[in-house]
Amino acid sequence: MKTAERGAMVIVGAGQCGARTAQALRDNGWEGDITLLGNEGLAPYDRPPLSKGVLLGQKTVTQCALYDDAFYRDNRIDLRVDAQVAAIDRVERRVVLGEGRSVSYRRLLIATGAQPRRLPVPGATLAGVHVLRSVPDALSIVGELAPGQRIAVVGAGFIGLEVAATAIARGCEVVVIEAASRALMRAVPEIVAGYLVERHRQMGVEVRFAVQVDQVLGSTRVSGLRLSDGATLECDAVVVGIGVTPRTALAEAAGIDVADGIAVDDTLRTNDPYIFAAGDVCSFPHRLFRRRIRLECWKNAEDHARVVARNMLEYGETYSAVPWFWSDQFDMTIQIAGMPAFGTTSVVRETGSASKVFFALDGDGILVGASGVGQASEISREVRIAQELIARRARVEPAVLADRSAKLKSLLTAEAL
Amino acid sequence: MAADTDNTTWVVACAVDDIDEEDVLRFDHEGASYAVYRLAKGFHASDGWCTHEQAHLADGFVVNGEIECPLHQGRFDIVSGKPLSPPVCVKLKTYPVRVDGRSVLIGLPAAGAIDAAKGAT
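The listed protein sequences correspond, in order, to chains A and B. At position 318 of the first sequence (counting the first as 1) the number is 442 in our numbering, and the numbers step up by one without a gap. At position 36 of the second sequence (counting the first as 1) the number is 42 in our numbering, and the numbers step up by one without a gap.
Since the hints were derived computationally from the structure, they do not count as laboratory data. For glycine and all other residues, C-beta sits at the position ideal for the given N, C-alpha and C. Heads up, none of these hints are tricks.
Only some residues are given here: those of chain A computed to face chain B with a beta carbon under 10 Å:
1) TRP422
2) THR457
3) SER501
Looking at chain A on its own, in the form it has when it is part of the complex (with noise of 0.2 Å):
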């Protein structure tokens, strides 16, 4: 990389990793330009509060703002939100955008997140169906949440049980379609999934598993769905939550690796040294659990985005930051630390008369994963600790982490020796 260094700091995907990025690549003293490309028309946002505060009507889209316009303007960043990015051209190290436009990057970074995946089935299209990931999408919704109303939540996914927590609180009848045995199916164990499933049904929501949806019914706007078994589901309004893909295809046209998302190295840099992917679009290596990773949640695009801004001022930092999610749904919540999936044994730990956690071990007895549910005060320690020990790859007695009177901070002193 000897050529004449020029060009701006540019950032495609202007959603939490985007700006994060923008505010670090200032925090960490670089001086020069900074584009960000967003295409919502809207200033970056925090997306969180889209499937809780926003839908139970608490919370304004204004106050998801990640920053007021006197950010942008003072930190010299130049946000642009309806750009329309044609192409990455390799050669000439600049992004097209329409009208024969473009600009010249320094560095490229590429977060342009994911998007939600659309029913495969007919009548998918119709009036009344909804996915949720934009201010958009929530605002279209929050139309639907009136009392009394009916509404299919398509998916037992994070979303989809968020916004049925959601919908039950607005005074909605609430039926979650999951086509798997049981709900979030991907991200815990099955017992803590249960337990979450259990707490929405106290609430009145029906739960539904191992049915799929074969067709969305209704001629202009949806009036029901089929499902697989036979069955006719009448409902007002549907929201699907069936996962996401990356974004990809501009990467992919420029030739760029990508194997599920994005691929970039430990230092989120891609096969072109002059670009790097971060948050939801990109998988990468992590040394802790020894194998490519892709991550969708708040927690992931807010630490790449720290440390892509350092390594697109070429730190070469790895990125090893211990994978962190929650969500928060009726009076309880859920903290994932680390990769529960990636474990082969599970010992549990009753932190409390509603509240367990649950640790994941490898087998050579090393803590991969933790996942708490119930409440936060009871939960949040113990998660928090293990996901110290999961950053030290510590070999931990399972007899350790079931006995609630054993004090797991104490280890954290043990392992730094």
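Assemble the complex: chain A is given as a structure, and chain B must be docked to it using the hints.
Coordinates of chain B only, in the frame set by chain A:
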């Protein structure tokens, strides 16, 4: 230390030994809730509830002079209350602390005086 004299009420929050080093304790007083911290260099106090959403910081995690909220892992500087890490972005109110013998006292605004003035019609 003039500010400590006129408009501050000192309230015993806990005993010195009630908190391990690098830890935090909840203290409730007259309808308000506080968090009292013990760091290597001494005691500190702040409002108990996180400025982001409904979570008590005494359930949080003390690390390197910072308090991390138990709900979403936002962080504040314990000494200044400054928000350090998203999602928290609003400063945490802090209170002066002093140790008297084995007791930890926190200095609260003397709201009683204001209430008395309000009620004196």
